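Colleague: Read off the chains here:
2 protein chains.
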Amino acid sequence: MTRDDCLALDAQDPLAPLRAQFTIPPALIYLDGNSLGALPRATGARLRQVIDHEWGTDLIRSWNSAGWMELPRKVGDKIARLIGARPGEVIAADSTSVNLYKVLSAALLLQRANPGRRRIVSERSNFPTDLYIAESLARERGFDLVLAEAENIPALIDERLAVLMLTEVNYRSGALHDMAALALQARQAGALSVWDLAHSAGVLPLDLHAAQADFAIGCGYKYLNGGPGAPAFLWVHPRHLERMQHEDLWQPLAGWIGHAAPFEFTPHYVPAGGIARYQCGTPQILGLTALECGVDTVLAAEPFGGVPALRAKSLALTRLFARLVDECCADQGLSLVTPQDERRRGSQISLARDEGAYAIVQALIERGVIGDFRAPDVLRFGFAPLYTRFIDVWNAVEQLRQVLAGGFWREARFAERRAVT
Amino acid sequence: MTRDDCLALDAQDPLAPLRAQFTIPPALIYLDGNSLGALPRATGARLRQVIDHEWGTDLIRSWNSAGWMELPRKVGDKIARLIGARPGEVIAADSTSVNLYKVLSAALLLQRANPGRRRIVSERSNFPTDLYIAESLARERGFDLVLAEAENIPALIDERLAVLMLTEVNYRSGALHDMAALALQARQAGALSVWDLAHSAGVLPLDLHAAQADFAIGCGYKYLNGGPGAPAFLWVHPRHLERMQHEDLWQPLAGWIGHAAPFEFTPHYVPAGGIARYQCGTPQILGLTALECGVDTVLAAEPFGGVPALRAKSLALTRLFARLVDECCADQGLSLVTPQDERRRGSQISLARDEGAYAIVQALIERGVIGDFRAPDVLRFGFAPLYTRFIDVWNAVEQLRQVLAGGFWREARFAERRAVT
Numbered sequence: 006m007t008r009d010d011c012l013a014l015d016a017q018d019p020l021a022p023l024r025a026q027f028t029i030p031p032a033l034i035y036l037d038g039n040s041l042g043a044l045p046r047a048t049g050a051r052l053r054q055v056i057d058h059e060w061g062t063d064l065i066r067s068w069n070s071a072g073w074m075e076l077p078r079k080v081g082d083k084i085a086r087l088i089g090a091r092p093g094e095v096i097a098a099d100s101t102s103v104n105l106y107k108v109l110s111a112a113l114l115l116q117r118a119n120p121g122r123r124r125i126v127s128e129r130s131n132f133p134t135d136l137y138i139a140e141s142l143a144r145e146r147g148f149d150l151v152l153a154e155a156e157n158i159p160a161l162i163d164e165r166l167a168v169l170m171l172t173e174v175n176y177r178s179g180a181l182h183d184m185a186a187l188a189l190q191a192r193q194a195g196a197l198s199v200w201d202l203a204h205s206a207g208v209l210p211l212d213l214h215a216a217q218a219d220f221a222i223g224c225g226y227k228y229l230n231g232g233p234g235a236p237a238f239l240w241v242h243p244r245h246l247e248r249m250q251h252e253d254l255w256q257p258l259a260g261w262i263g264h265a266a267p268f269e270f271t272p273h274y275v276p277a278g279g280i281a282r283y284q285c286g287t288p289q290i291l292g293l294t295a296l297e298c299g300v301d302t303v304l305a306a307e308p309f310g311g312v313p314a315l316r317a318k319s320l321a322l323t324r325l326f327a328r329l330v331d332e333c334c335a336d337q338g339l340s341l342v343t344p345q346d347e348r349r350r351g352s353q354i355s356l357a358r359d360e361g362a363y364a365i366v367q368a369l370i371e372r373g374v375i376g377d378f379r380a381p382d383v384l385r386f387g388f389a390p391l392y393t394r395f396i397d398v399w400n401a402v403e404q405l406r407q408v409l410a411g412g413f414w415r416e417a418r419f420a421e422r423r424a425v426t
Numbered sequence: 006m007t008r009d010d011c012l013a014l015d016a017q018d019p020l021a022p023l024r025a026q027f028t029i030p031p032a033l034i035y036l037d038g039n040s041l042g043a044l045p046r047a048t049g050a051r052l053r054q055v056i057d058h059e060w061g062t063d064l065i066r067s068w069n070s071a072g073w074m075e076l077p078r079k080v081g082d083k084i085a086r087l088i089g090a091r092p093g094e095v096i097a098a099d100s101t102s103v104n105l106y107k108v109l110s111a112a113l114l115l116q117r118a119n120p121g122r123r124r125i126v127s128e129r130s131n132f133p134t135d136l137y138i139a140e141s142l143a144r145e146r147g148f149d150l151v152l153a154e155a156e157n158i159p160a161l162i163d164e165r166l167a168v169l170m171l172t173e174v175n176y177r178s179g180a181l182h183d184m185a186a187l188a189l190q191a192r193q194a195g196a197l198s199v200w201d202l203a204h205s206a207g208v209l210p211l212d213l214h215a216a217q218a219d220f221a222i223g224c225g226y227k228y229l230n231g232g233p234g235a236p237a238f239l240w241v242h243p244r245h246l247e248r249m250q251h252e253d254l255w256q257p258l259a260g261w262i263g264h265a266a267p268f269e270f271t272p273h274y275v276p277a278g279g280i281a282r283y284q285c286g287t288p289q290i291l292g293l294t295a296l297e298c299g300v301d302t303v304l305a306a307e308p309f310g311g312v313p314a315l316r317a318k319s320l321a322l323t324r325l326f327a328r329l330v331d332e333c334c335a336d337q338g339l340s341l342v343t344p345q346d347e348r349r350r351g352s353q354i355s356l357a358r359d360e361g362a363y364a365i366v367q368a369l370i371e372r373g374v375i376g377d378f379r380a381p382d383v384l385r386f387g388f389a390p391l392y393t394r395f396i397d398v399w400n401a402v403e404q405l406r407q408v409l410a411g412g413f414w415r416e417a418r419f420a421e422r423r424a425v426t
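Going line by line, the protein sequences match chains A and B.
One gets the numbering used here by counting positions in the first sequence from 1 and adding 5 to each.
One gets the numbering used here by counting positions in the second sequence from 1 and adding 5 to each.
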């Protein structure tokens with residue numbers, strides 16, 4: 006596999022035109038779209054319109070005239086197309102952490118009639134915010150949070166399980182759970198399943214209805230390209246939306262935008278019907294606007310085969326990266342963390358190295374190859390198929406080879422650790 | 006009082022130059038800054054910089070290099086200067102509703118050692134989201150939410166009170182509580198006080214430390230001019246920040262950004278010290294950027310006398326409005342809802358009318374005078390002293406006079422009610 010082979014792969018790539026939707030600095034090899042998606046070209050102009058015209062000129066009237074009140078559901082409906090949900094089942098609002106609190110709380114409420122089910126089961130290496138929110142709710146509601154390695158999770162799906170809470174793709178390893186199988190097993194065992202799609206939405210074909218999952222949440226600023234700290238999303242299976250019409254089944258973040266009639270300003274909370282009750286405070290219009298532009302970049306792939314085509318390219322990219330690392334960086338102490346089995350792989354490749362993982366990532370960043378480090382020893386590379394090219398993969402591995410072969414990462418300035426999301 | 010008198014007041018107004026900070030459509034008389042603050046001129050350019058340079062070019066590196074991680078506290082420190090708080094005591098994050106959930110939950114936790122104190126007392130006409138969040142937490146934690154008219158609240162501050170939760174300025178009436186007196190009374194009675202400063206921050210001199218309040222929250226998109234759905238803010242008195250170092254005193258929204266070491270990715274939650282634990286998910290950078298620009302427009306008043314000068318102008322504006330309504334719209338069925346006593350008045354004037362309040366507001370909007378309607382019978386006019394002129398007051402009352410005298414509001418097209426925040 007040569008550099009020219011990679012250029013040829015790009016020339017043949019039917020998804021290649023989608024990259025033009027983004028502004029990516031020409032000299033940069035950006036393999037961190039799983040942390041912060043790239044900037045869509047449309048976002049700046051659309052935000053200018055919202056700021057100058059909708060806010061600056063129309064002011065308060067835009068809550069009606071510009072559809073601001075509907076934006077959480079409008080953006081939610083677009084995201085629904087990417088995750089196998091139906092219109093009216095998804096909202097975009099708040100953060101992933103806050104949304105997880107809402108849905109996990111709802112799931113625990115639904116299980117309160119089953120006093121034998123006191124367990125929330127999750128993966129020990131799940132993204133920390135998921136574990137922290139679950140830990141908090143477990144304390145508050147008297148449940149036990151049971152953490153296990155991925156391979157031991159099926160054995161924990163039993164009559165004691167209240168809620169199975171998993172992130173489909175592990176943020177650190179890139180390992181992909183079999184959502185359909187686990188959600189089915191949970192359902193057959195009388196438990197509920199809550200899915201974090203942070204590293205899935207936009208890159209993996211998802212079908213929440215086929216999986217019969219119960220709740221899902223996800224992140225707006227990774228593969229959905231919604232911008233730093235973008236609003237997150239939240240899905241609830243309609244069987245629960247109906248069941249939860251019951252007045253007693255509130256969500257704890259009972260803010261006014263989730264009220265059945267917010268503008269009646271009544272003193273008592275009456276939850277809105279449907280997904281609307283999962284809203285809380287006033288919609289964040291600037292963030293939702295940018296998120297909509299980001300989601301549109303993924304929907305733009307529909308004429309090219311949509312998410313399945315993105316998935317095929319993503320696998321081609323990770324396959325190429327793993328192969329080139331194997332060829333060019335052999336005997337450099339790197340090991341593949343991400344599963345070899347592509348059916349078990351998200352849209353990233355994680356490599357582990359006993360020594361210097363942080364410094365190697367820093368040395369790569371200095372050379373214009375942006376990946377990231379995940380404690381304690383992981384070099385993480387994300388492959389956003391909308392804008393990552395095969396030549397980027399080749400160039401990234403070439404830089405990695407040079408950094409390792411030349412020992413450049415040993416320079417002192419690469420040693421200091423700083424916080425990066 | 007003539008139109009020329011009003012022009013003369015503007016000519017003499019030392020704060021008049023501050024209006025140039027905003028883009029307000031020339032033909033508009035905007036008396037709704039208490040619902041959505043006007044657009045600062047700086048906001049568009051600053052957001053372009055964040056989008057094009059920080060996000061588009063520097064991408065993930067901006068979490069460090071552009072100070073994104075620090076933005077909630079940086080903006081919080083600026084807001085602290087407006088509310089009598091100290092640096093490090095305020096964060097800007099999430100929505101008002103979500104922040105109220107955090108602090109009210111913390112206040113209830115602090116009172117759990119006092120089983121005799123099971124009451125949360127608030128005002129019956131408090132803003133609904135505050136009541137809903139309190140109702141939700143009261144149910145969850147086994148407290149009683151007791152609602153009363155403002156004048157009956159002091160009598161409810163007794164040994165049964167856990168938390169007094171009030172909005173300093175009533176959204177509907179514009180009536181202003183005596184925060185210092187009520188917070189002191191609550192403290193002396195062994196209770197805690199939680200204050201919503203949504204209609205206070207930026208227009209009322211505030212001194213949370215002098216009042217010895219316990220917790221406060223507030224809105225970013227009203228007098229702080231942070232844009233539609235801007236992040237809200239949250240303050241905690243340092244005595245609780247210290248006390249709550251105790252591992253057991255979590256806030257329920259235990260997201261990763263409130264963790265002591267978010268980037269260690271440890272499986273168990275350890276709350277950060279200080280105000281940082283009141284963060285939850287990833288900071289919303291676009292919203293925080295716009296909020297910072299908005300807060301800067303208020304801080305720009307410091308050389309002109311700061312918030313006390315803004316308060317003096319605000320009172321002059323509401324005084325003028327009430328007087329002109331009295332003179333020009335006598336016998337039109339309007340009554341003043343906002344207290345006559347200026348020490349009890351926020352930065353708005355609310356008028357009630359038995360018939361047609363909604364339609365009158367609509368007719369005024371058509372004539373370029375933007376106020377709003379609050380069910381069931383209130384016409385509400387906000388006076389943001391940073392950009393409202395005395396001539397705006399004169400012109401608004403003249404339009405109100407015409408609408409009432411001519412009966413224009415009776416036209417059918419003004420009758421249909423739509424949702425407006």
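By construction, these hints were calculated from the structure, which means they are not laboratory data.
All values derive from a computational prediction rather than experimental measurement.
Among these hints, one or two may not hold up.
Simulated coverage check for chain A against chain B, where a stretch passes if three residues somewhere in it have a Cβ under 8 Å from a Cβ of chain B [what the hints assert, rightly or not]:
hint	region
1	41 to 54
2	133 to 142
Here are a few chain B residues that face chain A, going by a calculated C-beta distance under 7 Å [stated by the list, open to error]:
hint	residue
3	Ser40
4	Ile56
5	Ile65
6	Leu136
7	Tyr137
8	Trp261
9	Phe270
From the derived model, a few chain A residues whose C-beta atoms are all more than 10 Å from chain B [as the list claims (entries may be wrong)]:
hint	residue
10	Gly89
11	Glu145
12	Gln190
13	Glu332
14	Arg379
A virtual CB, placed ideally from N, CA and C, is assigned to each residue, including glycine.
Colleague: Next step is simple, just say for each hint if it's right about the structure.
Modeller: These are the hints, each one checked on the structure:
Using a Cβ-Cβ cut-off of 8 Å, 7 residues of the region 41 to 54 of chain A lie near chain B, which meets the minimum of three, so the contact claim holds. Residue count for the region 133 to 142 of chain A with a Cβ under 8 Å from a Cβ of chain B: 8. That meets the three needed, and the coverage hint holds. The beta carbon of serine 40(B) is positioned within 7 Å of a beta carbon in chain A (closest approach about 5 Å), and the interface hint is therefore held. Because the smallest distance between the Cβ of isoleucine 56(B) and any Cβ of chain A comes to about 5 Å, under 7 Å, the interface hint for this residue holds.
With a cut of 7 Å, the hint placing isoleucine 65(B) at the interface with chain A holds, because the nearest CB-to-CB distance is about 5 Å. With its C-beta approaching chain A no nearer than about 5 Å, leucine 136(B) sits inside the 7 Å limit, and its interface hint holds. The closest approach between the C-beta of tyrosine 137(B) and any C-beta of chain A is roughly 4 Å, which is under the 7 Å cut-off, so the hint is satisfied. Using the Cβ-Cβ criterion of 7 Å, the hint placing tryptophan 261(B) at the interface with chain A is satisfied: the shortest such distance is roughly 4 Å.
Among the interface hints, the one on phenylalanine 270(B) holds; its C-beta lies about 5 Å from the nearest C-beta in chain A, closer than the 7 Å criterion. Remark: the non-interface label on glycine 89(A) is consistent with the geometry, its nearest Cβ contact in chain B lying 24 Å away (cut-off 10 Å). The Cβ of glutamate 145(A) does not lie farther than 10 Å from every Cβ of chain B; its closest approach is about 6 Å, which violates its non-interface assignment. Against chain B, the non-interface label of glutamine 190(A) holds: every CB pair exceeds 10 Å, the least being about 24 Å.
Every C-beta of chain B lies more than 10 Å from that of glutamate 332(A), the closest at about 28 Å, which supports listing it as non-interface. The beta carbon of arginine 379(A) sits about 7 Å from the closest Cβ of chain B, which is not more than 10 Å, so the claim that it is off the interface is violated.
Consistency note: the structure conflicts with the earlier hints numbered 11, 14.
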